[in-house]
Amino acid sequence: MRIELEKRPERSKVMAWASPIIAVLATVVTGGLIFAAIGKPPLQALWIFFLEPFSSLWSIEELVVKATPLILIGVGLSVAYRANVWNIGAEGQFTIGALMGGMVPVFFNTWQSPLTLVLMLVLGILGGMIWALIPALLKIKAGANEILVSLMLVYVAQLLLDWLVRGPWRDPKGYNFPKTVGFEDWQVMPVFGGGRLNLGILLAIVAAIALSILMRRTMKGFEVRVLGEAPRAGRFAGFSSDRMTLFVFLLSGGLAGLAGIVEVASTVGQLQPNISPGYGFTAIIVAFLGRLDPIGVVVAALMLAVSYLGGEAAQVALGISDKAARVFQGVLLFWVLACDTLILYRLRIVRGAPAAEGV
Amino acid sequence: MKKWSALTRRDAMASALAGSVALALSASLAGPAAAADKLKAAWVYVGPVGDFGYSYQHDQGRIAVEKALGDKVQTTFVENVPEGPDAERAIERLARDGNKLIFTTSFGFMDPTLKVAKKFPDVKFEHATGYKRADNVATFSARFYEGRYVIGQIAGKMTKSGTIGYIVSFPIPEVVSGINAFMLGAQSVNPNVKVKIIWVNSWYDPGKEADAAKVLIGQGADILTQHTDSTAALQVASEKGILGFGQSSDMDKFAPKAQITSIVDDWSHYYIGRVKAALDGSWKAVDTWDGMKEDAVVLPPIKNVPDDVKAMAEKTAAAIKAGTLKPFGGKITKQDGSVVENLDDGAILSMNWYVKGIDDKLPQ
Amino acid sequence: MDQSALLAVLLTIVTASTPLLLAALGELVTERAGVLNLGVEGMMVMGAVAGFAVALMTGSPYLGIVASALAGALLAVPFGVLTLNLVANQVATGLALTLLGLGLSGLIGERFVGQPGVRLQKLAIPGLSDIPFVGPILFGQDVLVYLSIALAVLVSWVVFRSRAGLILRAVGDNHASAHALGYSVIRVRWAAVLFGGAMAGLGGGYLSLAYTPQWIENMTAGRGWIALALVVFSSWLPSRLVIGAYLFGAVTILGFFVQGLGVGVPAQLLSSLPYIVTIAALVVISTRRGRARADTPACLGQPFVPDR
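Residue numbers (the numbering used here), protein chains in the order written: chain A, 851 to 1209; chain B, 5 to 368; chain C, 765 to 1072.
No wet-lab data here; the hints were simulated from the structure. Every residue gets a Cβ at the ideal spot worked out from N, C-alpha and C, and that includes glycine. Among the clues, some could well be false.
Below, simulated DSBU-like cross-link-like pairs (lysine-lysine); rule was C-alpha separation at most 35 Å, straight line [claimed, not checked]:
| no. | chain 1 | residue 1 | chain 2 | residue 2 |
| --- | --- | --- | --- | --- |
| 1 | C | K886 | B | K198 |
| 2 | B | K261 | C | K886 |
| 3 | B | K335 | A | K1023 |
Cβ pair distances, simulated, as ranges [what the hints assert, rightly or not]:
| no. | chain 1 | residue 1 | chain 2 | residue 2 | range |
| --- | --- | --- | --- | --- | --- |
| 4 | C | L930 | A | L1052 | 52 to 60 Å |
| 5 | A | Q962 | B | G285 | 36 to 44 Å |
| 6 | B | H273 | C | F897 | 46 to 54 Å |
Residues on chain B that point at chain A, a partial pick, calculated with CB under 10 Å [as the list claims (entries may be wrong)]:
| no. | residue |
| --- | --- |
| 7 | N84 |
| 8 | P86 |
| 9 | R100 |
| 10 | G112 |
| 11 | P177 |
| 12 | S192 |
| 13 | G333 |
Just chain A, with the same shape it has in the complex (with noise of 0.2 Å):
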């Protein structure tokens, strides 16, 4: 007797909305084991995780805040994945853009007007461009495969951050202290409320809007999707894959480096070695999550918020170490992916001998 997956005809728009209902679930029962195992109240433990992240305004807000850079970058790699474009290089695509963003503020320290933050923002995009600009065109003029390039130029940028906030761009009255001047008025992000809540997030939103109506109304998303599926269709077509590596990469990385220039000219606040708690990388498994879709990248972020706001809250309200709630994010992250296996597939249990299936 074994389970057998069975294709359906089409996508099962039920499975959509329940797979992750049903992942949750899995997740809470799981969960609760681990939880258990490891000799904390298992009610309190979840609750914690799942819904402690909303009970107050305040969490709320640094849901949002925590979700943002991730739907900046995460709309843009969807995109990207869907043209099987593999950038894995966002996290130095961010750094650079929040460099050449911060250079503003750095080197002009007493402009203050609103054009300054246009500026910075302008910078941060170009700057994830240029970062992302040298893996497309390796990959275009020399054939090199992108994941490495991308991957290695990550620790390149950061590596870079690092030595110019530990010597050029050192602010004179640090005390020698790695970072730079912090960045004020018109140099930051307009914030909503008491909070860190700030104009980022409709940022995030408008690209989000943006790059959902790019998929699936124009003729660049249509291009993208054939390249990425059918790349020799595509060719036939006339449609340009070196173009088209182009474009996402410029399109992912600008995306990037505005996550990157928006973070450090809100939450941070100044440039300093460590700017991203791995932002670029966790949003790679929000595009995944977010079935590549603009859209769906917006809740997938939101959902990984949850899970490290969660995690966090079950460190200062149980004791419970950052370790065991890593083990929970993955876990919680096997579910949701086993079960999105319900959309496109059907569970059989087959009794007896196996049909000839290939032995």
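Since the structure of chain A is already known, use the hints to place chains B and C on it.
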């Protein structure tokens, strides 16, 4: 009782529902209940408690507070908090959770601590190794460089090749002042001693530390010291039959034949003192820099060296403890040739130059 | 560079490159079968903690080696179930695996922090190991170093000269045809995934048994990602993988060497060289070959469901 019957069933259910939701919410927000009288104190660590190094030692301090004042204090901690955007949220979460005294133990937490402190004026914050204070934000650090001077002297005496290997992570002033103090100590007994410095650009990569140690030994270093947190370098030293010094924790277990002594961070006295001050109302937002005198920097018993070297080191340590010897007190010649003297705490906190005799270059 | 320094550098390069080579070899086989497993870091760190724990508890580093391979393979099991049996997305599943591995290893390793481990000893063949200079390099390494080279040769032979390797590559290049020919794609891929897990576990075990016998959280420090990149660099050829791993290790160690010379080159620049050199080397290799992506297993990353 009469009032009860006047309520409709709906009212009762509604209030019961609201009540249970509120209870659940408050239960989660306030954390484990029944601790209303105890002072809630919290610690934020940049690394894992399991690093057996910097964060581990801070946590040992916290544990000491629990042991000494457990009936009056309830402690929590959050570990592995990166210094970027997440830090502010973690600190604010602790403040919202009812903690009234919060220790943020890495310099990268400086600005996030201040931002949260502004929002919570009735919560006391203590930031380690920083320089910004506020009415409710104190700063503290430890004079690690005092210990470095002592071990520098030992190294200067013990080296036969005249070259000492120094493994470091990132060029921050605290690390630089450590290198300088070490060098000054070594030069005081061995004026021509050389130090080879390798920056591994990581706080937690034992493999890289081992690599650096092997390269340094190959280049002629016969004593190793480090300002990184793992025991890897000492293990290499042990394997190669040379001597070295530990960092943050007593690493004797890992290299009993190689470790001469270690620079151990002991935060327990400071933490207990500050918690007591918060309890009795005498807490003030000051800058505290404890050193060997206050037993914040401890050197485990010196071994693997001849008795006269041990005696010399103990004499130097005693002098530093007594205040008669200040590592940065005398005339110091910088790498660029200029001379400074009697450095104050501000100059030490922001130190970003080398003393003469060091060949490395710092980012400017 | 004088002789003792050169010897130290060469020996250190070997140590630094071996864990990368071990993990990357496993991932190479996995990817040759068409499966992209981004969970290498997670499997490596699980191997590190398992190897350390078993060696500490039994006193035998050899049992530790076995344990590390088993742990890596075990962690690969949920990955296999999800991606091969349930055709979940491989990229996301691999990333989730990394999270799981990092968290689980941290949990398991909590009680082992601050404890010195059991070191895997280097070989000491009387006579051979004593030959000045060449002796320690060729005959004075620990057993995992020799194993890594032997496995590289073995994998190369199996993949390109054996029937099993042919089936492996067929499954990776064209799973539909392989299936039509009667080969069980799922079973071949399972074997490849488990092998990849075991090798990643071995790479991690090397860290905690031979490299730096201790356990601290996340001690792999990103080596799993480097291993992944090296597989791509190698164009899925084991011989090139050895070159890539040793090139990366060499540039890293030489960076330290230059720092030790005290000439004042910024450490960040030296630290970035391994990455830049790897990119440059890849560009050179790729340009000479002319056609882009000619060697990528064509079905890499694509799920396979046998249709009836």
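Hint check results:
Restraint check: the Cα-Cα separation between K886 of chain C and K198 of chain B comes to about 31 Å, which is no more than 35 Å; the hinted pair holds. A distance of roughly 20 Å separates the Cα atoms of K261 of chain B and K886 of chain C; the hinted pair therefore holds under the 35 Å criterion. Distance check on the hinted pair: K335 of chain B and K1023 of chain A sit about 25 Å apart at the alpha-carbon level, within 35 Å; holds. Checked against the hint of 52 to 60 Å, the C-beta distance between L930 of chain C and L1052 of chain A comes to roughly 56 Å, which is consistent with it.
Distance hint for Q962 of chain A and G285 of chain B: a CB-CB separation of about 42 Å, consistent with the stated range 36 to 44 Å. Against the hinted window of 46 to 54 Å, the Cβ-Cβ separation of H273 of chain B and F897 of chain C comes to about 52 Å, which satisfies the hint. Contact between N84 of chain B and chain A, as hinted, is supported at the beta carbon level, the nearest pair being about 5 Å apart and thus within 10 Å. The beta carbon of P86 of chain B is positioned within 10 Å of a beta carbon in chain A (closest approach about 5 Å), and the interface hint is therefore held.
Taking 10 Å as the C-beta cut-off, the interface hint given for R100 of chain B holds, the closest approach to chain A being about 7 Å. Annotation: interface hint on G112 of chain B holds; nearest CB of chain A at approximately 6 Å, less than 10 Å. For P177 of chain B, the interface hint holds, the least distance from its beta-carbon to any beta-carbon of chain A being 5 Å, beneath 10 Å. Because the beta carbon of S192 of chain B sits about 25 Å from the nearest beta carbon in chain A, more than 10 Å, this interface hint is broken.
Taking 10 Å as the C-beta contact cut-off toward chain A, the hint placing G333 of chain B at the interface is violated, the least distance being around 20 Å.
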